[in-house]
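J.: Let the sequences and hints guide you as you build the complete structure.
Those sequence lines, one after another, are chains A and B. My numbering runs 899 ahead of the 1-based position in the first sequence. My numbering runs 268 ahead of the 1-based position in the second sequence.
Simulated from the structure, these hints should not be mistaken for lab results. For glycine and all other residues, C-beta sits at the position ideal for the given N, C-alpha and C. Hints should not be assumed to be uniformly reliable.
Unchecked claim - Here are a few chain A residues that sit away from chain B, every Cβ distance over 12 Å (derived from the structure):
| id | residue |
| --- | --- |
| 1 | Val912 |
| 2 | Val913 |
| 3 | Arg927 |
| 4 | Val984 |
| 5 | Thr1008 |
Claimed, not checked - Straight line, CA to CA, 25 Å or less: simulated SDA-like cross-link-like pairs of lysine to any residue:
| id | chain 1 | residue 1 | chain 2 | residue 2 |
| --- | --- | --- | --- | --- |
| 6 | A | Lys937 | B | Gly271 |
| 7 | A | Lys937 | B | Ala275 |
| 8 | B | Lys325 | B | Val383 |
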Amino acid sequence: AQKVTQAQTEISVVEKEDVTLDCVYETRDTTYYLFWYKQPPSGELVFLIRRNSFDEQNEISGRYSWNFQKSTSSFNFTITASQVVDSAVYFCALGSGNTGKLIFGQGTTLQVKP
Amino acid sequence: IAGITQAPTSQILAAGRRMTLRCTQDMRHNAMYWYRQDLGLGLRLIHYSNTAGTTGKGEVPDGYSVSRANTDDFPLTLASAVPSQTSVYFCASSDSPGHINTGELFFGEGSRLTVL
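T.: Written out as structure tokens, the structure is:
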């Protein structure tokens, strides 16, 4: 069975702190995809990143970076120098290679205080 | 470009009533999905459709039905609403359900449904 676990329900940091959101996944598929979505207070779901199972290179996009480690089935997300606008719920999701369906984690609520 | 349009945005409904949430996309995506979002549970797949004319059950299909008469529309129907169906419902689409697709979903803005 496929499963995504985001063990951190809520995280609170002060602006400019670095913060890492954890994501652990389970799948028997050899080809799969991992995603992070952001849901700001306005409610929409914003795509952040997609990672293929055969590409373990870490990725950096501005203040955002992602660490994909197949050995530990983890796909963690780090925000460097956090800002108040980063306050949102963040979802990690897993998709198999045969379908567009995604399995979502429970979400981590990040609060960045000024 | 509208992307995915959901209606209504918000609705309060009496238990036992029938309700249809509408979803329309203008991206000509083959695959469409309905998710519900509940606090502490993330998003869970209700039903999906890989292409017009076909539908499938997701994680939590009971109490819901869908149809896919054409590429653009994917309505979700609650035949007899119950309070446990109080949730935020998101419609989504992706360009292809096959293995060449990375599974990236484009979401609508959500429909908040309250069943009393």
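J.: A separate judgement is required for each hint: does it hold in the structure or not?
T.: Status of each hint after checking the structure:
1. For Val912/A, the non-interface assignment is confirmed: its Cβ lies about 21 Å from the closest Cβ of chain B, beyond the 12 Å cut-off.
2. With a cut of 12 Å on Cβ distances, Val913/A stays outside the contact zone with chain B, its closest approach being about 25 Å.
3. Against chain B, the non-interface label of Arg927/A holds: every CB pair exceeds 12 Å, the least being about 15 Å.
4. A cut-off of 12 Å between C-beta atoms confirms that Val984/A is not in contact with chain B; the least separation is 19 Å.
5. Distance check on Thr1008/A: its Cβ comes as close as 10 Å (rounded) to a Cβ of chain B, failing to clear the 12 Å threshold; non-interface status is violated.
6. With a CA separation close to 18 Å, the supplied pair Lys937/A and Gly271/B stays within the 25 Å bound.
7. Distance restraint check for Lys937/A and Ala275/B: the Cα-Cα separation of roughly 22 Å lies within the 25 Å cut-off, and the hinted pair is therefore satisfied.
8. A hinted pair counts as satisfied when its Cα atoms are at most 25 Å apart, and Lys325/B with Val383/B qualifies at roughly 22 Å.
In this structure, the one hint that does not hold is number 5.
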